[in-house]
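Q: Okay, here's what each chain looks like letter by letter:
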Amino acid sequence: MSACVKKRKIDTECRVFNKTWTLKYFFTEVKGKAVCLVCGEQVASLKDYNLNRHYETKHADKYQNLTDAERVQTSEALLAKLKKQQGFFNKLHTSRDAAAKTSFVISHKIAKNTTMTHQYPALTPEQKKELQDIAERIVAPGKGILAADESTGSMGKRLNPIGVENTEENRRRYRQLLFTADQRIDNCIGGVIFFHETLYQNTDDGTNFSQLIRDRDMVVGIKVDKGVVPLAGTDGETTTQGLDGLSERCAQYKKDGADFAKWRSVLKISDTTPSELAILENANVLARYASICQQNGIVPIVEPEILPDGEHDLKRCQYVSEKVLAAVYKALSDHHVYLEGTLLKPNMVTPGHACSTKYSSEEIAMATVTALRRTVPPAVTGVTFLSGGQSEEEASMNLNAINNCPLAKPWALTFSYGRALQASALNAWRGELNNEKAAAEEFIKRAEANGLAALGKYESSGSGTAAGKSLYVANHAY
Amino acid sequence: MTHAYPLSAEQKKELSGIAQKIVAAGKGILAADESTGSMAKRFQGINAENTEENRRLYRQLLFTADNQVNPCIGGVIFFHETLYQKTDDSKLFPQLVKEKGMVVGIKVDKGVVPLAGTNGETTTQGLDGLYERCAQYKKDGADFAKWRCVLKITSTTPSQLAIMENANVLARYASICQMHGIVPIVEPEILPDGDHDLQRCQYVTEKVLAAVYKALSDHHVYLEGTLLKPNMVTAGHSCPKKFVPQEIAMATVTALRRTVPPTVPGVTFLSGGQSEAEATINLNAINQCPLHKPWALTFSFGRALQASALKAWGGKKENGKACQEEYVKRALNNSKAALGKYESSGEKGAAQESLFVADHAY
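In order, the protein sequences belong to chains A and B. Residues in the first sequence are numbered from 1 upward in steps of one, following my numbering. Residues in the second sequence are numbered from 1 upward in steps of one, following my numbering.
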């Protein structure tokens, strides 16, 4: 390394005249030099400090009180004068140009002094298009979502009852049998939700799961929340955490093949719940999550689950669902979320598990669709129901009834099922290699059933659809 | 707090029935509810004296127009005075209007008042005694009501307070109406004054409507028994950029799709400062917009139905027939526009469709 450092030379550093200097300091550029418009003096180096110093010491007292409009006019006038003096035949700025420039200066100032009713588009048209296309692909007619995003803890609850050890390898083998089910599922599954671990697991022959799903033309999704945490001062209510570093995580997940995400908030019905706070806080955190996802090209599935625990009736669940969804969509609006690039994952409207009254699928459908019609704007691309505690057959029949409900339904209405797609498959598998084919068959069967239900075309054994239609009571009672 | 004490099933049925009747296919609303002060401005323009008798004569012309107007008008909004006026042969106006199959409505707000601490923003008063007034209006034949809130777009408005306060007062009004079997028309008008562009208006409209529907939800308003009367999404009057009807339609429908729940039976646009022709063409474009629109999209026009009629009348008895003809013409045109079937002379429908740009840009 040379001991002698060369002296810096100005002309080797390619200094460029900065256009803002014209308005700030009344300078212009002539043949690579900065010329003061007021006195004609030339400043040798194109440096902000130098021009500033010249202006401040010599002319600021005269020009510092000008409005922006006056500055523009002044600089125009001085420029014109200079050009005249130098005999240039440039076109003089017309007063219209000056006015246009003034309005730009002023509107820039206004934009900086932000008020809330100015739009700072969160997304470009290209970003919006990408998000909407992803959402539409997931809920294409006859398609729904396989929710295979059980956390390690949840998988323990699934594997224990069938006598399987909750190891990483067992989880991998189990998800593999779902993801490698034959081509019959291609028509019914639009997207698969992954748990983090699963996104980076491979098949036996080394194919990454995320890649495998994408190669089958299904959209890869990722669960991004970090579970529920208590809300102090409430009756056992919770919010959901996971916002910290979410933007960076989303960026990484997008690179790793994920195009949508899921975040679950939980509310429950009792005499005192859900409280105002729980509704407000969960709506807000869902909206923050949604906003961050969209910034990273990821479609957020918004899941405000109202648990079916309790003895409340259908009407109560409907009422609460309506209040919760109204709050969710107000929060999404406040957070500037692009609705066309989102999906909703709500509970169906059902009575509580311990409710003594039983309701038909049609009543559940009517209550559900009515609640959605009162709260979910038509711009939302699709509604992908969670199955909650419903059996596989219940979940299919209810989804079918929902799609046969005579009220106008401007969004896709389909499934995002976990247990309701996997219960029989898990039972058939029991961890045995020999049972894999049978297990896959069970999964395919439910996938096809729900694909039909999403079209309103599912016929469960033993009940014709014709009998079903007459059971839809007019919605004034809802 | 999450227990429901809703309207009865019968009350709900009555309200949704009324709302659907008003916005039945091809029908819209004649907004004939100009206050005495507003009528002064209308009459001044045609050099007629603003007397009670002149107001009665003018409204009579509208209400006795030829029956071909009946399939176009689902409802008529009255001003309080007009509700108790009669035809020359002593028939009460509401009675006459009902016989023609139209629903009678009544303006119930009492005008705008300033919001202190804002940049010239307002809220609307009229809640005092509204409960009793609604009961009386229902007896006197009214089945729907109208309440107008006003917001404006500038660099500092609408403010959070203005949006929140107006949304809240609209929800209170709506709640009170429904208790008396009166369908509330909810009108959050965003004025077209200013030089803002189409996108700005769309953005503000989306924020305002989101607040309105949250307030209606909070106040337990039965949406199936309401109607919305919004501004179309347009650029400000002094915006240098001009936008075609298809752009206006796209922006309007997109804003509504993002905020208005599907259960709302109908959206009855106000005409604001638009000319009769403009209002009709824009309504038509809105109904031709290729996006899915689950609510009826129709008109609740005042000036856009009456401007030519007023002019033709000029306050002179002998011009009565000409006045009615102008009104009937506008009513028929808007009825077609509400079905997306209006063809103004010189414009082909096919050419227009190609002007609808995909909504990702909105």
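Heads up, a few of these hints could be off.
Said to hold, decoys possible - DSS-like, lysine-lysine: derived pairs with alpha carbons at most 27 Å apart:
id : chain 1 : residue 1 : chain 2 : residue 2
1  : A       : K409      : B       : K341
2  : B       : K341      : B       : K329
3  : B       : K91       : A       : K129
4  : A       : K358      : B       : K293
5  : B       : K21       : A       : K409
6  : A       : K268      : A       : K129
7  : B       : K336      : B       : K100
8  : B       : K138      : B       : K86
9  : A       : K268      : A       : K315
10 : B       : K12       : A       : K409
11 : B       : K293      : A       : K409
12 : B       : K152      : B       : K242
13 : B       : K86       : B       : K321
14 : B       : K139      : A       : K409
15 : B       : K152      : B       : K98
16 : B       : K86       : A       : K129
17 : B       : K321      : B       : K311
18 : A       : K315      : B       : K12
19 : B       : K321      : A       : K409
20 : A       : K457      : B       : K293
21 : A       : K129      : A       : K409
22 : B       : K13       : A       : K315
23 : A       : K255      : A       : K226
24 : B       : K152      : B       : K91
25 : B       : K13       : B       : K138
26 : A       : K47       : A       : K31
27 : A       : K129      : B       : K293
28 : B       : K12       : A       : K358
Hints were generated in silico from the structure; no laboratory data involved.
Q: Out of the numbered hints, which ones does the structure contradict?
A: 3, 4, 6, 14, 15, 16, 19 and 24
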